[in-house]
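Work out the full structure, taking the sequences as your base and the hints as a guide.
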Amino acid sequence: MSKTMSANQETPLLVVQNLSVQFDGADRPALDNVSFGLRRNEVLGIVGETGSGKSVLARALMNLLSENGRITAGDVLLDNQSILGMDDAELRRLRGGRLALIGTNAKALLDPVETVGSQIVRVLRAHRGGSKRTAWREAVDMLGKVGIVNPERRARAYPHELSGGMAQRVVIAMAMITSPQVVLADDATLGLDATIQVQVLDLLVNRCRELGLGAIVITHDLGIVAHFCDKVAIMREGRIVEIGPVGKFLSGPTQVYSSELLDAAKVRPTPIVSKTPEQTTGVKSATLLDVANLVKHFPIPGTNEVVRAVDDVSFSLARGETLALVGESGSGKTTIGQCLVRLLTTTSGRVTFDGDDLIGMSEREFRQHRRRIQMVFQEPYVALNPRWPVASLIGEPLALLSATESVDKAKRVRELLDAVQLPARLVDAYPHELTAGEQKRVGIARALATRPDFVVFDEPTTALDIRVRAQIIDLVRELQTEMGLSALFITHDLNSVRSLAHFVSVMRHGKILEYGPTETIFASPQEEYTKTLLKAELPIEQSQAQRERGEKRLTGAMR
Amino acid sequence: MTLIQYWRVLPRPLRIIAGRLVMIVPQMFGVMLVTFLLVRLLPGDPALLMLGNMATEEQIISLREKLGLNLSLYDQFIQYAGNVLHGDLGVSPFTSNPVAVDLLERAPATLELITYAMLLTILIGVTLAVISVVRPRGPIDYGSRVYGLAAGAIPDFWVGLLLIYFFFYVLGWAPAPFGRVDAMVTPPPTVTGFYTIDSLLAGDFAAFFSALGRLLLPVLTLAIVNAGALMKMTKTVFADAYRSEFIRHQRACGLSERTIVRSALRNSLPPIITLVGFLFGFLLGAAVLVETIFSWGGLGQYAVQAVINSDYPALQGFVLVAAAFILVVYLIVDILYELADPRIKV
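From first to last, the protein sequence lines are chains P and F.
Each residue of the first sequence is one higher than the one before, counting from 1 in UniProt numbering.
Each residue of the second sequence is one higher than the one before, counting from 1 in UniProt numbering.
For the record, the hints were derived by calculation from the structure and aren't laboratory data.
One or more of the hints may lead you astray.
Stated by the list, open to error - List time: in silico EDC-like cross-link candidates among lysine to aspartate or glutamate, alpha-carbon distance up to 16 Å: (1) K511/P to E537/P; (2) K107/P to E245/F; (3) K248/P to E551/P; (4) K107/P to D27/P; (5) K345/F to E161/P.
Remember, predicted model here, so these are calculated numbers, not experimental data.
Okay, here's the thing in structure tokens:
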């Protein structure tokens with residue numbers, strides 16, 4: 001090492017030495033001997049599945065573990081100062097001042113009864129003091145810098161009035177307003193639209209680079225790592241399995257687990273080629289579902305206007321066919337799904353299912369159709385009754401069957417568990433005892449219980465771990481080929497669309513912009529918006545610029 | 001633009017208040033109907049009941065005439081409603097005062113008592129709840145748990161008697177438990193009916209301190225008994241808020257503990273407001289035992305007297321005033337509740 005190297009690169013900004021964390025009553029440590037360093041102007045990605053300890057790590061770095069957890073060994077040094085030796089006042093200055101955390105699910109992180117502007121002001125004044133008026137001006141400035149349109153007005157909004165992406169920007173503004181030295185982003189873009197995710201991460205990483213901050217991006221999306229990070233650490237069961245430059249990791253991980261993750265994330269199963277005869281002949285004789293000029297309006301509180309959530313949408317679906325509705329949140333895709341199963345009343349339009357008009361019929365008549373039309377809900381945990389065991393949850397829809405069709409309930413539940421590949425021992429488990437992937441499967445089993453002809457899948461793959469997501473995609477594909485289901489996929493996960501759907505409709509502002517066979521849409525999108533959407537999907541490979549940056553850093557370190 | 005369109009663009013607080021105020025009209029009408037029917041539904045002839053067994057036939061007939069009992073039910077109600085709107089609640093045969101005059105004299109006594117009791121209840125209940133959540137397993141936490149158990153089980157008159165025994169009889173710190181102000185001191189001229197406020201307005205400090213001293217023990221009694229319930233509920237709500245994601249995030253942002261507690265408390269306000277409103281309305285009648293022990297001469301005592309004496313106009317008047325009071329309290333609660341939580345749709 002020569003002396004020409006800059007001081008910045010010589011002394012890491014943040015050093016974690018053999019950090020171990022134990023929670024009361026846990027049989028293994030949540031963090032086990034974790035060590036790494038973070039330099040200025042460096043972005044470290046930490047990747048791991050649920051339970052790998054990555055969020056515990058973020059909290060431990062701020063010395064902010066929950067009550068029953070404690071650091072049993074090791075140290076965390078920020079600028080050569082141990083944070084474990086700090087008193088309360090120093091810790092308070094550290095948190096949010098020198099080390100800022102951007103958490104998951106921004107809407108839950110914001111005080112629901114305070115305007116977002118005053119929440120940012122609160123943070124700024126806790127660290128820098130100053131008058132409310134100047135702090136407010138700075139907060140509005142910062143909101144503008146994180147890409148919020150009309151920051152003056154937005155600063156006066158309450159969190160529930162903001163979209164998820166907007167709330168996430170507010171949380172980023174809250175973190176950035178104190179100009180911290182290190183930014184910790186803990187799954188900061190989970191559940192956001194791909195386009196928003198890219199914007200938010202671009203913004204975060206660019207601001208970190210502008211100011212020469214260190215950033216730790218905790219995620220389970222390897223696309224994010226490939227795109228934004230310089231270094232990556234793979235975590236499993238509280239340990240860092242592998243750590244190194246992103247380029248090197250992507251071209252050849254050294255550990256078995258790392259390569260498993262990488263493979264699962266890259267899963268691009270060959271698209272299902274539609275073989276239905278109707279398609280080839282062009283005769284739509286077996287049309288199962290026909291939606292014509294569907295419109296759904298919601299009134300906006302405090303005004304006389306309405307949101308045109310669904311604005312004159314038409315499409316049709318043949319038996320055994322799968323259509324994907326893609327678009328960002330707020331594009332109206334979930335609303336369409338809920339109108340089809342009559343969870344929402346439709347403003348106008350016509351929905352014909354197997355020759356029957358669904359919109360016009362009474363609730364009693366529609367009940368007969370419910371068993372043929374089912375829905376898999378987006379958030380399985382919220383959609384499952386927490387006080388019911390799996391057997392009752394899956395058995396419940398069987399009550400929709402008429403007496404003549406009545407089946408041996410226990411037997412059918414076992415079949416369904418089998419179909420969604422859940423072990424039979426789970427029949428007595430309650431929803432909170434299941435993992436997110438298992439909950440999704442129970443949700444799917446519920447929808448399949450009555451052997452429906454048509455199923456609406458609302459975001460079946462969102463917010464799942466890399467490997468679980470791949471498993472769910474495989475499961476749905478198998479079920480479809482076995483049962484000949486027609487399905488409507490509502491998603492913003494383009495990767496899964498490619499693996500699951502025959503046709504794609506791209507939605508925006510309640511309208512269908514572009515429609516076509518999946519391959520065509522992905523290969524040659526016509527609309528500008530579709531192109532943006534496709535571009536926002538982060539491939540698991542480094543961009544040219546990122547690769548060059550990596551090489552420069554590498555030579556810089558070796559010089 | 002139609003009316004509904006004007007309505008939708010009003011600022012939120014205005015919509016909340018206006019909406020609630022409109023509701024009070026049918027509610028008051030309902031209350032009048034119920035108090036009217038209350039007497040009508042009683043078994044027997046009201047005139048006979050009022051006059052007692054010794055009444056002569058002529059007396060009964062003339063009273064029936066006077067009370068308008070010979071009119072149809074509908075006309076009687078119209079007459080009653082008209083009287084009430086003009087402030088005429090009838091004359092109490094027992095005190096031979098107009099009921100409105102009696103109530104106006106006694107209502108402020110009870111209101112002063114329960115207002116101060118409520119303020120102290122909030123102070124004790126919320127403070128204990130906050131401290132025991134912020135410092136779990138501390139002395140206040142354990143003490144408040146014992147208190148929470150005990151407060152639900154101890155009757156108020158017993159607490160009152162204990163306080164009188166120790167602070168008046170044994171220690172001699174508190175003034176005698178007889179009325180709202182010392183017999184040697186003239187009550188201040190009535191402005192609000194609250195002696196503490198009226199005496200200050202009149203600049204009469206002797207009356208002020210005397211009234212304050214007399215308030216001490218009954219207010220303490222009511223607060224001790226009622227703060228337990230408020231504390232327990234606040235503790236649950238506040239503990240939830242205090243452990244929520246956004247509070248953890250505020251801590252990660254380095255906000256001071258003071259700010260964090262304030263923010264969690266601000267978020268726990270809606271249920272606290274509801275319970276305080278309920279307790280306030282409840283105390284109006286429920287303070288009667290405490291009023292009796294301290295010879296307070298309040299509404300509760302008046303109502304009990306009216307029941308004992310079969311004094312129907314007085315009882316009717318009390319129910320009307322109590323119902324109106326509770327309506328107003330709930331109106332304020334509803335308004336505050338919606339103002340406290342910006343997420344509630346109006």
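Checked hints:
A hinted pair counts as satisfied when its Cα atoms are at most 16 Å apart, and K511/P with E537/P does not qualify at roughly 21 Å. Simply put, K107/P and E245/F have alpha-carbon atoms about 10 Å apart, close enough for the 16 Å limit, and the pair holds. Note on K248/P and E551/P: the hinted pairing holds, with a Cα-Cα distance of about 10 Å set against a maximum of 16 Å. At roughly 33 Å between alpha-carbon atoms, K107/P and D27/P are farther apart than 16 Å, so this suggested pair is violated.
Note on K345/F and E161/P: the hinted pairing holds, with a Cα-Cα distance of about 12 Å set against a maximum of 16 Å.
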